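Chains A and B, in that order, give the protein sequences. Note that the working numbering has the first sequence beginning at 29, numbered continuously upward. Note that the working numbering has the second sequence beginning at 565, numbered continuously upward.
The set of hints was computed from the structure by calculation and includes no laboratory data. Predicted model, so just to flag it, every value in this text is computed and none were measured. Be careful, since some hints might not be right.
Taking lysine to any residue and the SDA-like style, the derived pairs with C-alpha atoms no more than 20 Å apart in a straight line are [said to hold, decoys possible]:
1. B:Lys742 to A:Gln105
2. B:Lys626 to B:Asp576
3. A:Lys326 to B:Arg586
Short, incomplete list of chain B residues facing chain A, as computed with Cβ under 7 Å [said to hold, decoys possible]:
4. Ile603
5. Ile605
6. Val691
7. Val701
In this text, a Cβ means the ideal position worked out from N, Cα and C, and glycines have one as well.
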Amino acid sequence: MEKNLDEQRGIREYLLGILDEPARIQIEQRLLVDGKFAGEISIAEDELIEQYLDDELSDEERGHFTSHFLAAPERKQDLRLTRYLYKYAAAQEQAAPEAAPAPGWRRFFTLPAFSYALIFLVVMGLGYGVWRIAFSRTGDVDIALIMLAYKGDRPFQSRIGGSGYTRFSEVRGEPPEAQSAERRRARRLVEKVVADDRTAQSLHALGKVNFLEKDLPAAILNFEEAARLGPVTAGLMSDLGAAQREAAEKGAGAEKGEMLAAALRSLDRAIELDPKLPDPRFNRALCLEAMNSIEQAKTAWREYLDLDPNSEWSDEARRHLQTLENK
Amino acid sequence: MTEKVITTENFDMLLNWLDPDRESAAQKYEKIRGRLVRIFIGRGCYEADDLADETMNRVTLKVPSIRESYIGDPAPYFFGVADKVHLEWLRKQKKARPVELADNSPSVDPEPEDDTEYECLEKCLKVLPSRLHELIVEYYRGEKRAKIEYHRTLAEKWGLSTNALQTKTCRIRASLRKCMVDCIAAA
Numbered sequence: 029m030e031k032n033l034d035e036q037r038g039i040r041e042y043l044l045g046i047l048d049e050p051a052r053i054q055i056e057q058r059l060l061v062d063g064k065f066a067g068e069i070s071i072a073e074d075e076l077i078e079q080y081l082d083d084e085l086s087d088e089e090r091g092h093f094t095s096h097f098l099a100a101p102e103r104k105q106d107l108r109l110t111r112y113l114y115k116y117a118a119a120q121e122q123a124a125p126e127a128a129p130a131p132g133w134r135r136f137f138t139l140p141a142f143s144y145a146l147i148f149l150v151v152m153g154l155g156y157g158v159w160r161i162a163f164s165r166t167g168d169v170d171i172a173l174i175m176l177a178y179k180g181d182r183p184f185q186s187r188i189g190g191s192g193y194t195r196f197s198e199v200r201g202e203p204p205e206a207q208s209a210e211r212r213r214a215r216r217l218v219e220k221v222v223a224d225d226r227t228a229q230s231l232h233a234l235g236k237v238n239f240l241e242k243d244l245p246a247a248i249l250n251f252e253e254a255a256r257l258g259p260v261t262a263g264l265m266s267d268l269g270a271a272q273r274e275a276a277e278k279g280a281g282a283e284k285g286e287m288l289a290a291a292l293r294s295l296d297r298a299i300e301l302d303p304k305l306p307d308p309r310f311n312r313a314l315c316l317e318a319m320n321s322i323e324q325a326k327t328a329w330r331e332y333l334d335l336d337p338n339s340e341w342s343d344e345a346r347r348h349l350q351t352l353e354n355k
Numbered sequence: 565m566t567e568k569v570i571t572t573e574n575f576d577m578l579l580n581w582l583d584p585d586r587e588s589a590a591q592k593y594e595k596i597r598g599r600l601v602r603i604f605i606g607r608g609c610y611e612a613d614d615l616a617d618e619t620m621n622r623v624t625l626k627v628p629s630i631r632e633s634y635i636g637d638p639a640p641y642f643f644g645v646a647d648k649v650h651l652e653w654l655r656k657q658k659k660a661r662p663v664e665l666a667d668n669s670p671s672v673d674p675e676p677e678d679d680t681e682y683e684c685l686e687k688c689l690k691v692l693p694s695r696l697h698e699l700i701v702e703y704y705r706g707e708k709r710a711k712i713e714y715h716r717t718l719a720e721k722w723g724l725s726t727n728a729l730q731t732k733t734c735r736i737r738a739s740l741r742k743c744m745v746d747c748i749a750a751a
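Extracted from the complex, chain A is given alone in its bound form (with noise of 0.2 Å):
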């Protein structure tokens, strides 16, 4: 959208100072009640600001930015704000020149068709082996391995432990067939473990799988019947809360908000366990907002970022509380 050009002029005249009484106050009286007004306003502010630093003002521009712009302290943080953006970029740039672009064949090998080959012929090739080597003798099983087989798979918005970040999506295709098999394979072993040694672990391995299979009841059945087993563990109450408010999405009314509130009690309790796991803070605003607990979902959402700050799942946590923010 092209910029009023007038509307730009005055809004340089003002932070400089020079518009007459009555346009100010237009201005102003704008800028108190439109919100995107007051963002152009913010805009042109930083123009001017680079464009100072840049010696592209003139003479008498520079005087009213020197006497009127920069007369409030919050300005003059502004403009030393910018200086130190200019500088840090400059020693990025000294730091660490612009790699070269890959020849076009290793970039063969970040195509994610490539990921999912790799991984179905290093499974694949190591066959049965594998999965053994996810089951040692007592019935143990690895997590990490059997989550190999759902790889890129997010069916809900909720995060289940030991899985990887993929952007949560509701239209989503049917696996590659070679999944699907690692996939079945992966079931299979859980299932038999399970029935070899029904431990806690045992069951909150099934209950990740059938979580992802995007059977809930079953999931839930799992992680609850871990729970009682036990031990308890922070990492199980959470898929527990997950699974809970996945299945609560799909109810209504009164049951809906049961089983939300059921939901929250378990990742309370999974925070309680251990204040600095991710996953069960993710879940907890997730929850909230399910709730339309909006303050509380903004707080959930900002103690997140407080404990991870910086990670693809920390910017969706962000766009939450950016559209929570925005209402």
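With the hints as your guide, set chain B onto chain A.
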């Protein structure tokens, strides 16, 4: 300055006047206060926060007598009170000793750099999401000349309009400012 004490009842009445829903009212309160700060900054006031608070306090005390008869959006009422507060502040500045004015007058050469501030900026930049970090660094890396063309190219690279790029960098700066305030306070 307001001498009367603002009671909880006064404050509740103000919030109710802004919006019957308390949460929405609180958001409107913060929005109005924030915009008043910007207006006072735009008028060159170096006590913008205090003046905004004074404005909010005076309106709070006036609400019982105006809310029945007042029609329309409450925000413009705040503007009228802010104007009076500003005029009083200007009169006070004129009476102040010359040395006070000189202490706050803008220097011809902008503020010198502060090591603590720069270190805090570095810390705050490092906790930005990687894509935003990359964007802000690229934005400020551009050559001083031909900046408009550079920003247009950068916007295309990120799949944004030029306006959207500026809005995004503006928001990144706002979050960096907040982060730096916390960092400097902790330092």
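Going down the list of hints, with the structure as the test:
1. B:Lys742 to A:Gln105: holds (12 Å)
2. B:Lys626 to B:Asp576: Roughly 13 Å between the alpha carbons, so the hint for Lys626 of chain B and Asp576 of chain B holds.
3. A:Lys326 to B:Arg586: Holds - the C-alpha atoms of Arg586 of chain B and Lys326 of chain A are around 16 Å apart, at most 20 Å.
4. Ile603: holds (5 Å)
5. Ile605: For Ile605 of chain B, the interface hint holds, since the closest Cβ of chain A sits about 4 Å away, which is under 7 Å.
6. Val691: Holds - the Cβ of Val691 of chain B comes within 7 Å of chain A, reaching about 4 Å at its closest.
7. Val701: Cβ of Val701 of chain B sits 5 Å from chain A, so the hint holds.
Of the numbered hints given earlier, the model fails none.
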